[in-house]
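K.L.:
Residues per chain are reported as follows:
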Amino acid sequence: MQKLFRWASKWWPGLIPLAVMWGFAAWNNTLPVEADLSARSSAALKDTVLDKTRIAVDGRDVSLAADAFSEEGRRDAVMAVENVPGVRLVEDATRLVPEARPFVWNAERDVVRVTLSGSAPLPAMKARLVEAARKELGGVEVADQMGLARGAPPRFEAAAMLLLDQIGKLKDGKITISDTKVSLSGMARELGGREAIAAALKNLPEGFSVATNEIKAPPYIFQAYKDPVAATVTLTGYVPDNNVHAAIATGASRKFFGEKVVDNLKASVGAPASFNTAVVAALGALSRLSTGTLVVSDREVKLSGDALYEGAANEIRAGPGKDFPKTWQYKPEITVKPAAGPVDGTVCQQLFSELLSKGKIRFEPKRANIDPDSAGILDHLIETALRCPTTNIEVAGHTDSDGEDSFNQALSEKRAQAVIDYLVKAGLPANRFTAVGYGATQPVAGNDTDDGKAQNRRIEFLVR
Amino acid sequence: MPYLVSFHLGWLVGSLLLGLAMGWISVVQRGNGTSKVTARWLAVLVAGLVAASLTHVVPGRFGYWLDLGLIMFACYLVGCTIGAWLRDRVVSRSARAA
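Quick mapping for you: the protein sequence lines, in order, are chains A and B.
Numbers 621 to 1084, taken from the working numbering, label the letters of the first sequence in order.
Numbers 1026 to 1123, taken from the working numbering, label the letters of the second sequence in order.
Chain A extracted, bound-state conformation:
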């Protein structure tokens, strides 16, 4: 042992080269050691759920700064770094993600993009929500402005996913989850969208409830366009169901005597109340125009076009008839078609015959009251009568052979007179017209079929 001490007393000169070596070793290895420990620490944290992780290594001491989502996760992260071989000390600069109170999440849709904002509970869930929004809205830009926070209610993800499914049904609007309350506002993309969203909200996960649902439906649009050149009436837009569809189609074909009805209507829910009555009345007004457009948007009816003469224009401006619902708005923009040039009696007769071959003046069964559906053809007859002001016209009434002859005779006379009254009311001088009733004495078809009887029930205009 003494020998060892004697030898050891002479070992000191070696300390000088050792110190030099030490200096070189420190010079050479400090940065590699730090880089190696940084890489190992990052690898150790790979499976932990953290946000904003920053690792700084000074010598063998690691400083770990990160946002953790639970106390346990925070502890685990620090422990994982402490267990990395070679790490001497860990400076714990981690903190818990702040708790959001209330926990608010928003999905907002405008014309060009969907913006997700508010808080998400975990980074992975945040990514899933963005992914779900992209999938739902294929092609629309999804802007992610969500932050991370603790305090999400249970089953938050299921609720958010369900609401993201609804955002595709919105044209614009905002969906908000505030703790367990869901609020929606905006405009549905299509008719029926509002109802579909309301139905989907019934499947919200347990604990969630709808605080406000202010989704509006888009306007319920019905349009009709009367084109005199193509001789068509085109119906587009929506009708509530097949029954109303059939009623409107039948009504249109009765009112538009000379035009083909092109029916492009689609059935959809969401029609305002009294839709059928209002549309049928408005179509009646449209049938009196030479050319015109009818736009029904929710409870607003806009009618524009050219009436055939001044009196008709005034009547159409006054309203579409007594059946039109009072709660609806009527906005007419009626001008008068420039009067056509005067013609002589022969041409007038020809025009009357053409009109009455295309359509006919209808009456209530067995009575002399003119059916309102005949307003269109009557306007055309009046317009024609105005073109030959010097002629006298015989209005002849005919009936089918059903019933007694005396009744039919009286009925045909009354109906002819009713037509003349209508013409006089429209502004034509009463002395130009004579009412004649022929009863069933001049049939134009056999009275043995319904079709033939219908042809025999008629009014004729004869220029004298």
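One should not assume that every hint holds.
[What the hints assert, rightly or not] What follows is a list of derived Cβ distance ranges for each label pair:
1. B:1087 with A:748: 43 to 51 Å
2. A:652 with B:1064: 30 to 38 Å
3. B:1081 with A:748: 41 to 49 Å
4. B:1035 with A:716: 41 to 49 Å
[As the list claims (entries may be wrong)] Covered stretches of chain A (chain B as the covering partner; in silico rule of three or more C-beta atoms under 8 Å from a C-beta of chain B):
5. 627-639
6. 677-686
It is worth saying that the hints were derived from the structure and are not from the lab.
Where a beta carbon is used, it is the ideal one built from N, C-alpha and C, also for glycine.
Put chain B on the given structure of chain A with help from the hints.
P.N.:
Coordinates of chain B only, in the frame set by chain A:
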């Protein structure tokens, strides 16, 4: 410790060889070594440094350099001891033979 050893293996082997050489020389070297007092002070200094290293009081890079220095110094001492012991055996065998 295993991490430090494996990462700096080359330098530690170097220290050990330096120690071996110094130990080998020290057995036959004439002249005075360090005095007892100096040796004691040196021992106290080293003990202090070891304590500082174990308690991790030196922060950051300085702490790392201290650990590295001490572990190299330890290798040096082990090398010296082995070198001196080997040389001593050689010397005593040749003395016996003479």
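K.L.:
For each hint, tell me whether it holds in the structure or not.
P.N.:
Here's how the hints hold up against the structure:
no.: 1; hint: B:1087 with A:748: 43 to 51 Å; verdict: 47 Å, holds
no.: 2; hint: A:652 with B:1064: 30 to 38 Å; verdict: 36 Å, holds
no.: 3; hint: B:1081 with A:748: 41 to 49 Å; verdict: 43 Å, holds
no.: 4; hint: B:1035 with A:716: 41 to 49 Å; verdict: 44 Å, holds
no.: 5; hint: 627-639; verdict: holds (count 11)
no.: 6; hint: 677-686; verdict: holds (count 4)
Every hint from the earlier list agrees with this structure, and none is contradicted.
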